[in-house]
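Given the structure of chain A, go ahead and fit chain B onto it with the hints provided.
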Amino acid sequence: MKTGNRIVQDISMLYELSLSIGTSMDLYENCEKFFKILISRKNLTFASVWISSKTIQSDGLDTYQVLHVSPRFRMLDTQMEQDHFIIQTLKEHKAPFSISHSNPVFPQLIQEHGVENKGAFVVYPLKQIGFLKLYASQRQTVFEKIEVAQLKSVVNKFATSIEACISHHQLREETQRRINIQRRLRDNEIKLKLIFNTALDAVVTINEKGIITDWNTQAHKVFGFSPEDAIGQELGSLIIPHQHREAHTRGMKHFLKTGEGPVLNKRIEITAINRTGLEFPIELSIVPLQQENGYFFSAFLRDISKRKEAEQKKEELLEELEYVNGELRDFAYIVSHDLKAPLRAISALSYWIEEDYGELIGEEGQQQLVLLQGRVNRMHALIEGILEYSRIGRIRIKMEALDLNQSLDDILDSLNPPPNFEVRRVKTFPTINCERVRIEQVFQNLISNAIKYNDKEQGWVELDWIELDDHFQFSVKDNGQGIDEKHFEKIFQIFQTLQAKDKYESTGIGLTIVKRIIERHEGKIWVESQPNNGTTFAFTIKKY
Amino acid sequence: MDRIKPLLLVEDDYVDALTVKRAFKELAVINPVVHKEDGEQALDFLNSEDQPAPKLILLDLNMPKMNGIEFLEKLRLNEKLKKIPVVVLTTSRNQEDRFETFDLGIAGYMVKPLNYQDFISMMRTINEYWNMSEQPS
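So the protein lines, in turn, are chains A and B. Per the working numbering, the very first residue in the first sequence carries number 1; after that it's consecutive. Per the working numbering, the very first residue in the second sequence carries number 1001; after that it's consecutive.
Extracted from the complex, chain A is given alone in its bound form:
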């Protein structure tokens, strides 16, 4: 009777277990229902499902991991390597096995928290996908063979249902992935469409036959045809002027035959016609795109009428400027030239009056004639200055090597500074390539200014230089009266002097000429000074 009872119990257990399988496509629910019955009916402490990584990912490692555990949170280790005892044994026997605490390998099977050296494990293979591991702490011996065999078919069914759950899960993930991709594609398409229609250029695509397939908002604005008007039309007859049509057709044919297109992938300037038939200049670049159903050509076009107009205008203005500049140069030259003749006459005549009638006009009259002569001299110097200034702009002298040591010697000779004045050089000067006479003029001018305006008992000028990357930098430093910072700009302007012209005979052209010469040598000139503290003029000259 006892046996009979047990059979009934076993059958009802198998029936119950079998019913619990596959009620849900959810892995967790499926396992949980099965384990609940199994644990209570078999009086188990623990049950777990282990799955090969290969089952989940085709390129997964050859390891096993826990898929489901009941009760939860009892795992010491959720990974199992290929060489683990359980895996090895299953591989060898392909059948369930049971191991009790009396077996020496028992500890190797322990992955669960709180399992001591008692009870027994039983492991069932789950087809090719993994295994089921059960543990009962109360058992003194292994699970009996008959008992293990009894559960085998129901465990197989469980394996099938797990497999189904996994596939189901994967299918759902795959579907979701595809939905996401599609959504991204659609987003991109919307974005592209937006870019396409907000582009500042007219964007037009045509197919191999020259038929318009895309026509953006800007194209509508530029050519006057709406996308509805344009799409489906032949590009050549719509916007290409008569004289370019043949070349367009020929170019397309040539490209489709040879893959060569000299006008492709670069910017070209050509003309187009709009809806009203008006021909206007455009800038165009064409990009060929190969797609499954043949070539497409994307054309980016820009109306450059305004730019062309501006360019034309600019050219005209430049020409005019050139002309006016030429006129001005000639004017400065001729005027100053013609001014010299009467000046010479005034000079001669006043001299003769003094010579011939000096007695008659008395001392005062003679004084006035001296003043007159002084003004004549100044005007002459001014005219010479203007001539010199205009000549620097007009005439280029060739670049020559200039040994500054030699040339500074010559300059000092000609300047002949007073005995209480010292001109010193900090070190030997370099030889530079420049417009010789003009650079000499620069030094001559700066040094002579320093001498002329010096107010000290013992005046001096110190010349120095350094070499920069692309330039030489020179300095002319003195201990003279100095210049107020507010005049720094002014001293380089034409006809500007800081002293009454009578005090020092000065035209105010010297530094303007110096500045111009230096600028023609791609350099700069600047001044550092404080009143009563001397002045340093520094300037650079490009290395040629």
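Bear in mind the hints are in silico, worked out from the structure with no lab data behind them. Keep in mind that a hint or two might mislead.
[Stated by the list, open to error] On the chain A side, residues computed to face chain B include the following (Cβ under 8 Å):
1. Pro241
2. Leu343
3. Arg375
4. Asn377
[To be verified] In silico DSSO-like links for lysine-lysine, alpha-carbon gap of 30 Å or less:
5. B:Lys1021 - B:Lys1074
6. B:Lys1082 - A:Lys452
7. B:Lys1112 - B:Lys1074
8. A:Lys398 - A:Lys524
9. B:Lys1083 - A:Lys398
10. A:Lys54 - A:Lys33
[Unchecked claim] Every beta carbon over 12 Å from chain A, so not counted as near; a handful from chain B, in silico:
11. Asp1013
12. Val1015
13. Gln1051
14. Lys1112
Note that the Cβ used here is the ideal one computed from N, Cα and C, for glycine as well.
Just chain B now, with coordinates in the frame of chain A:
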């Protein structure tokens, strides 16, 4: 300078001409100075049979009707006149003028100074030089 032969001054500016004349007077140059106001007048003078060829021509460049350069071109084409030395006396420091006139065989190029004293010393030099220099005829 040759006592008989005149000096030909081609100059349109009255005061400049006066200056040259006064300078020569001051330097006690006794050759007569013939003054012509432009190239045309000067050529007419040179071509007139009864006149002796001048010893030296002082030539301004910037003149009305026929300027100094045109005058020089004509002069050099004339077999009889082409050997007469010409000294250019001008306001122009222009490089092109210098090149062009020297190409046309001038004997000297002087820029008129502003002051009369400087003018005198220039004239003195010219006078001394041409007194010492041998002439082709």
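Hints, one by one, checked against the model:
1. Pro241: violated, 51 Å
2. Leu343: Since chain B brings a Cβ to about 7 Å from Leu343 of chain A, closer than 8 Å, the hint holds.
3. Arg375: violated, 12 Å
4. Asn377: holds, 7 Å
5. B:Lys1021 - B:Lys1074: Answer holds: Lys1021 of chain B to Lys1074 of chain B is near 26 Å, not above 30 Å.
6. B:Lys1082 - A:Lys452: With Cα atoms ~50 Å apart, Lys1082 of chain B and Lys452 of chain A exceed 30 Å; violated.
7. B:Lys1112 - B:Lys1074: holds, 24 Å
8. A:Lys398 - A:Lys524: Answer holds: Lys398 of chain A to Lys524 of chain A is near 20 Å, not above 30 Å.
9. B:Lys1083 - A:Lys398: Answer violated: Lys1083 of chain B to Lys398 of chain A is near 36 Å, above 30 Å.
10. A:Lys54 - A:Lys33: Between Lys54 of chain A and Lys33 of chain A the Cα gap is close to 25 Å, so the pair holds against 30 Å.
11. Asp1013: violated, 6 Å
12. Val1015: violated, 4 Å
13. Gln1051: Non-interface label on Gln1051 of chain B holds, nearest chain A Cβ at 29 Å vs cutoff 12 Å.
14. Lys1112: Contrary to the label, Lys1112 of chain B does not stay out of reach of chain A, its closest Cβ about 6 Å off (not over 12 Å).
Hint compliance for this structure: hints 1, 3, 6, 9, 11, 12 and 14 are broken, all remaining hints hold.
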